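Chains as they are written, first to last, in the working numbering: chain A, 1 to 484; chain B, 1 to 382.
I should point out that these hints are in silico values taken from the structure, not numbers from a laboratory.
From a predicted model like this one, the values you see are computed outputs, not experimental measurements.
Be careful, since some hints might not be right.
Just some of the chain B residues that point at chain A, by a computed CB distance under 8 Å [as the list claims (entries may be wrong)]: (1) A14; (2) M22; (3) P26; (4) L37; (5) G38; (6) R58; (7) V251; (8) M266; (9) F327; (10) L364.
List of simulated lysine-lysine pairs, DSS-like, C-alpha gap at most 27 Å [as the list claims (entries may be wrong)]: (11) A:K236 with B:K3; (12) A:K426 with B:K305; (13) B:K215 with A:K276; (14) B:K153 with B:K98.
Each residue gets a CB set at the ideal place from its N, CA and C atoms; glycine is no exception.
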Amino acid sequence: MSEEETHNAPIAPEAQPEEINASCRGPVLFLFFSAAVWAVQATGVGLLGSLKMHVPGFLADCPFLTYGRLQANAWVAFLYGFAGNAGLGLTLWMLSRLRGMPLAKPGFVLAGAFLWNSGVTAAMVGITMGDQPGVAGYELPAYASRVLLIGQAFIAFSAIITYFSRRHQQLYPSSWFLIAALVAFPWIVGTAHWLLVETPVRGAAQIPVAHWTVTSLQQIWLGCMGLAAILYFIPKITGRELYSRQWAAFGFWMLLILGGWVNLNSGSPLPVWSIKLSQYASALFIFVLIAIGWNLRQTAKGVPLLGSSDLTLQCMGFALGAWLITALFTFGNFYSDWNGLLQFTYAGTAMRQFFAWGFFAMAMFGAVYYVAPRLFSGEVDWACSGTYKWIFRLTAIGAVVILLAGLGMSYGHGHALQDGSAEVMKKALMPMRIAFLGEILFFLSSLIFLGSMACLLFRNCCGECSPMALIRKCRADKAEGGAE
Amino acid sequence: MNKSPWIFLGVLFAMSLSWWGMVFGPASQVNAAKADLGDGTSLRPRSGLAQQGEQIYRENGCYYCHTRTATGGTFGYEIQITQFGADEDLTRKIIGEKFAANKIFEKAFAFKAVAGANDAKKAASEALKAEGADVEAAEAALEQAAEALTDAKAAANAIKIEETLTALGVSGVTIEGDLAGELGLPIEMSDADKAEVANATFAVSMGIEQWDEIKDTVRALKDRAGAQFKLLPVADEWPDVVNGVARRQSVSRDFLFDAHAMPGVMRVGPCLSNVGARQTDLNALYAKIYNSQAGGQSSHMPPYKYLFNVRAAEEDEKLPADAVTIFSAEDGMISVEAGFVVTPTTKARALAAYLQSLRNDKGLPEAPLPAVRENSNSEEGE
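Throw the hints in and build the complete structure from the sequences for me.
Here it is in structure tokens:
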């Protein structure tokens with residue numbers, strides 16, 4: 001077949017949404033439920049670690065529960081456990097819907113999801129046993145990253161087959177972001193695995209590799225998946241067209257180009273030119289912020305996202321705001337005085353938490369709220385939709401608390417470090433202690449999320465034999481008996 | 001943006017930019033760094049216990065609360081003249097009246113004049129003894145030289161300053177014993193005097209000037225006045241150095257031989273880039289790791305007691321030599337845990353050895369040790 005004939009070939013008919021949802025049901029729900037479990041694990045372990053900031057002697061006799069190990073475990077559970085599962089599940093569903101084709105090779109997804117979760121589990125065990133590579137933000141032991149890469153390859157295979165299964169006249173921007181996330185992950189983790197763990201380069205050379213890995217995982221991998229969800233759901237729920245594909249494309253390419261450069265500490269022991277390049281990249285990041293922010297603002301003009309009655313829209317609105325704030329913080333790193341002041345304070349960790357929960361997790365909570373009930377063929381919804389609102393509320397309040405504590409009080413810590421103040425430790429701990437409140441809220445929201453997911457599954461699986469149906473039947477029988 | 005393959009290729013290309021810029025470029029540069037320091041010494045990898053200690057530091061995640069990264073800061077240049085040239089007026093003009101008004105400057109050139117006149121007198125004396133010399137002219141020259149020497153001595157003796165030795169060192173002249181005695185200088189110098197003379201310097205800038213402000217002075221001193229000098233960086237707005245956290249900025253080569261580079265995340269605890277130089281007392285380091293609050297110290301570092309062997313002390317038992325102790329004003333050195341004998345395990349020894357290997361009190365060509373002004377705050381909590 002010639003190129004012209006290929007180009008002019010008729011577009012395959014679009015599959016019905018019900019058919020697509022049915023094809024995604026098993027794999028995507030498995031990934032979503034896994035995400036919920038890992039979210040509880042991440043917040044629970046993180047909470048335990050943060051408690052040590054209040055009570056240093058708490059569980060201090062147990063070598064497996066040092067602050068460093070718990071923090072590493074919490075981030076791995078969030079990044080690969082929650083974010084990986086939720087992001088990949090949403091990627092599969094969105095690609096299927098955007099391409100109008102059922103999910104291809106769902107068996108591969110299930111196998112991949114199993115491997116993926118095995119990898120995360122192996123990482124958690126490894127870190128607990130003291131087998132972390134010493135890179136904050138990339139704490140995967142060698143064996144765990146191997147399993148994760150294979151698992152992601154299985155899932156990506158299904159996604160790519162789905163992606164190429166039908167030709168479209170026009171690709172929706174969310175597709176670009178999702179494909180970028182699928183391509184970026186093996187590259188980033190492969191680089192880190194190869195250069196930091198498997199055959200580590202010399203110590204001095206590990207620092208730039210580690211920075212690129214950590215920044216890319218956050219800005220590109222998580223950023224692409226979260227923004228894909230926002231770009232998909234805001235126009236969909238508001239019933240409007242995306243304001244500009246050109247703005248979206250500009251933001252997309254700039255994010256990919258700049259995402260790995262930004263946020264390098266001005267005091268990093270690296271060649272000055274790389275620090276300067278990172279500062280310039282941070283400055284240019286303002287264009288990503290404007291492109292994405294302006295595009296979505298124009299799309300949802302006049303619609304109060306946070307004040308909407310639609311929970312998904314609320315979540316997407318908050319996630320968008322959180323992303324814009326973190327992008328603004330990234331831009332702020334262009335100023336070396338600002339960067340130098342905050343570089344060793346809690347601010348960096350707080351912004352990472354804010355990005356992770358305020359932006360990414362919020363986008364995923366909103367997306368799961370929309371997607372999960374649709375994966376069932378019947379007319380079903382969340383068991384207690386009111387409780388799901390609390391996931392939004394608690395996560396939002398927690399994220400704001402961490403943001404305010406992280407930025408506001410770290411400023412004082414930064415000044416104390418520069419002045420050599422005797423109160424430096426007190427000022428270092430204060431934002432972390434306040435952020436502890438935010439982490440409690442994250443933990444509660446994760447518990448509700450897990451409970452909601454469990455209820456949804458119990459309610460809609462096995463027909464009349466589902467646990468929820470049985471409970472309802474028991475209650476009805478009891479009520480009948482009581483009446484008699 | 002509607003062709004799938006282009007999206008794939010575009011993503012690969014876009015990511016490759018940051019990969020080359022942030023991974024390949026810096027990693028290649030620092031990976032090629034040499035251990036040689038250029039002064040006959042070189043950086044050495046850790047070995048033995050210190051090498052094992054890096055693993056303990058890593059597996060416990062110490063790098064979450066401690067950094068190993070001393071940051072840079074702003075500094076000024078102090079021009080330190082170690083030897084003046086011959087031309088006093090030219091030197092005075094270059095360094096300016098403010099610094100030339102210093103008595104040392106005056107005395108240094110006075111001594112140079114004495115030494116010069118002495119040499120001229122010797123030369124005239126040799127000329128008089130030479131065969132076929134013009135005796136009359138030679139005697140006149142000798143007389144003139146002797147007068148000049150007398151004048152120079154009188155001028156030198158007229159300048160009363162305490163830093164005589166320093167002035168000698170700066171002037172870079174050698175004055176013979178009898179002449180030195182006439183000038184009120186020690187004829188036989190002690191080793192301490194010699195060292196003081198050898199290291200004598202004369203600052204002709206405030207130490208806050210930037211390169212653009214002093215570059216003309218530096219070039220003039222070197223090319224026109226023939227002076228010898230060195231440029232010393234003086235910490236200005238350089239918190240880590242001024243606060244005593246470190247002696248200099250951390251650079252790539254500080255991590256050259258690390259199996260795992262752990263520059264650190266936050267400074268919840270102190271920066272450890274120079275802890276090896278700050279904390280030389282091994283017992284105190286063990287006590288800090290065992291229980292940082294021992295002895296009533298204020299600290300939020302969790303205790304790492306599982307790195308130590310702990311057993312109940314028997315009655316009137318004398319503490320073994322390797323027991324971890326703290327100082328008590330009432331009882332002297334006592335066990336870090338009352339009623340128990342605490343000794344470090346191999347892991348604790350390794351961690352302490354690793355911590356003591358963390359030093360940046362030696363300058364590197366790319367990170368020289370700056371001077372610190374006396375009024376700076378150089379105390380930091382351990």
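A quick look at each hint next to the structure:
1. A14: holds (4 Å)
2. M22: holds (4 Å)
3. P26: Because about 4 Å separates P26 of chain B from the closest Cβ in chain A, which is inside the 8 Å limit, the hint holds.
4. L37: violated (15 Å)
5. G38: Not OK, violated: G38 of chain B not within 8 Å of chain A, min 17 Å.
6. R58: holds (4 Å)
7. V251: holds (5 Å)
8. M266: holds (6 Å)
9. F327: violated (21 Å)
10. L364: violated (11 Å)
11. A:K236 with B:K3: Answer holds: K236 of chain A to K3 of chain B is near 23 Å, not above 27 Å.
12. A:K426 with B:K305: holds (24 Å)
13. B:K215 with A:K276: Roughly 25 Å separates the two Cα atoms, so the pair holds.
14. B:K153 with B:K98: This hinted pair holds, its Cα atoms lying about 25 Å apart.
The structure is inconsistent with the numbered hints 4, 5, 9, 10, although it conforms to all the rest.
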